[in-house]
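Assemble the whole structure, with the sequences as input and the hints as a guide.
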Amino acid sequence: MSETSLAISKFSDLANPTRFLALAARAIPWLAGITALCFTVGLYLSFATEGDYQQGETVRIMYIHVPSAWLSMMCYTIMSVSAIGTLVWRHPLADVSAKAAAPLGAAFTLLALVTGSLWGKPMWGTWWVWDARLTSVFILFLMYLGLIALSRAIDDPSKAARVSAVLILVGFVNIPIIKFSVEWWNTLHQSASVLRLDGPAIDSEFLRPLFIMAIAFTLLFFTLHIMAMRNEIWRRRIAAQRRLAARMASREE
Amino acid sequence: MTHAFYVYASYGFAALVTIAVTAWTWADGRARRRELAALEAAGIRRRSARPKDSVGNGE
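These protein sequence lines are chains A and B, in that order.
No gaps in the numbering here: position 8 of the first sequence is 8 in UniProt numbering, and each next residue is one more.
No gaps in the numbering here: position 7 of the second sequence is 7 in UniProt numbering, and each next residue is one more.
Possibly wrong hints are sitting among the right ones.
Stated by the list, open to error - Dumping the calculated SDA-like pairs for lysine to any residue here, alpha-carbon to alpha-carbon at most 25 Å:
1) K121/A with V17/B
2) K121/A with F13/B
3) K121/A with A4/B
4) K159/A with R46/B
5) K121/A with R32/B
6) K121/A with A42/B
7) K159/A with R32/B
8) K121/A with R46/B
9) K121/A with L16/B
10) K179/A with I139/A
11) K121/A with T2/B
12) K179/A with V17/B
13) K121/A with S181/A
14) K121/A with G12/B
15) K159/A with A4/B
16) K121/A with Y11/B
17) K121/A with F5/B
Simulated from the structure, these hints should not be mistaken for lab results.
Rendered as structure tokens:
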């Protein structure tokens, strides 16, 4: 067997739902443990570091606001990659991944919106403005809710998968809009200060807790995503077995 | 602490959301596992998990 085909067969082994379940059972306790550890260190640093000379203590809101905002976009990107997997390769796990990620994405987007609002009131003097960044993130939140509703409204799983995948890909246009909204338009929301071509524009005093919290949030997302994917695989197996049982019962009558 | 309300409200809400999502995912998993166990107890298994001789034609 050539090296490439070996690599492909290894990848498809991983993508087999039964193998995925075995891998998930092994990975989840480790992921959960490392997540808890990162949150312990991150939360300690979030409150142990200095406040900002202008923003005072409210700078601590950044340590949860920025990671949840980052996750809200990463989750949608994962869903878009999954949607391509559904449409191009009809991969059985791709739709499971997209469906499992949507509620998590909605939760983290809501978290970003609420913590942003709680940061905006003392620093901007308002809970909310309809500027480009805030509005585009709000639209992302509505899209998550719409996708959750859509995938649950269609009974036929393969049809639901295809329709959702198309909508996910159409909605992906919003992700670069969110990212660059602060550069393209004049917004009350500040422009990027961590991921910049000329390096981060914030002091390392704030970068350290932010970095640890970003890792903690990302690990939490992956832990929950794998758990939710496992739940979805189980849900589909249960449905298939119930159908089979009903068919067998009707034949016996 | 200045603006303590905003800082604690943010962390409180973050704790609420993350704990709620984790609990929901975990509870969903437990419920599915129970359903699978109930099906197993009723003798309904996946085709691949059944012994070969019990597999009927085309089923």
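Each hint, compared with the structure:
Note on K121/A and V17/B: the hinted pairing holds, with a Cα-Cα distance of about 21 Å set against a maximum of 25 Å. Between the alpha carbons of K121/A and F13/B the distance comes to roughly 16 Å, so the proposed pair stays at or under 25 Å and holds. Straight-line distance between C-alpha atoms of K121/A and A4/B comes to about 13 Å, which keeps the hinted pair within the 25 Å bound. Only pairs whose Cα atoms come within 25 Å are accepted, and K159/A paired with R46/B is accepted, the gap being roughly 23 Å.
Under the criterion of a C-alpha separation no larger than 25 Å, the hint pairing K121/A with R32/B is inconsistent with the structure, at around 43 Å. Proposed proximity of K121/A and A42/B is contradicted: the alpha carbons are some 58 Å apart, above 25 Å. At most 25 Å may separate the alpha-carbon atoms for a hinted pair to count; K159/A and R32/B meet this at roughly 23 Å. Using a Cα cut-off of 25 Å, the hinted pair K121/A and R46/B is violated, with the two alpha carbons roughly 55 Å apart.
As the CA atoms of K121/A and L16/B are separated by approximately 21 Å, the hinted pair is consistent with the 25 Å bound. Distance restraint check for K179/A and I139/A: the Cα-Cα separation of roughly 13 Å lies within the 25 Å cut-off, and the hinted pair is therefore satisfied. Proximity of K121/A to T2/B is assessed by CA-CA distance (about 13 Å); at most 25 Å being required, the pair is judged to hold. Proposed proximity of K179/A and V17/B is supported: the alpha carbons are some 24 Å apart, at most 25 Å.
Note on K121/A and S181/A: the hinted pairing holds, with a Cα-Cα distance of about 21 Å set against a maximum of 25 Å. Taken as a hint, the K121/A and G12/B pair is honoured in the structure, with Cα atoms around 17 Å apart against an allowance of 25 Å. Taking the CA atoms of K159/A and A4/B, the gap is about 49 Å. The hint is violated against a cut of 25 Å. Annotation: proposed proximity of K121/A to Y11/B holds, straight-line Cα distance about 15 Å (limit 25 Å).
Among the hinted pairs, K121/A with F5/B is consistent with the structure: their alpha-carbon atoms are about 11 Å apart, no more than 25 Å.
Figure legend: structure checked against the earlier numbered hints; hints not met, in rising order: 5, 6, 8 and 15.
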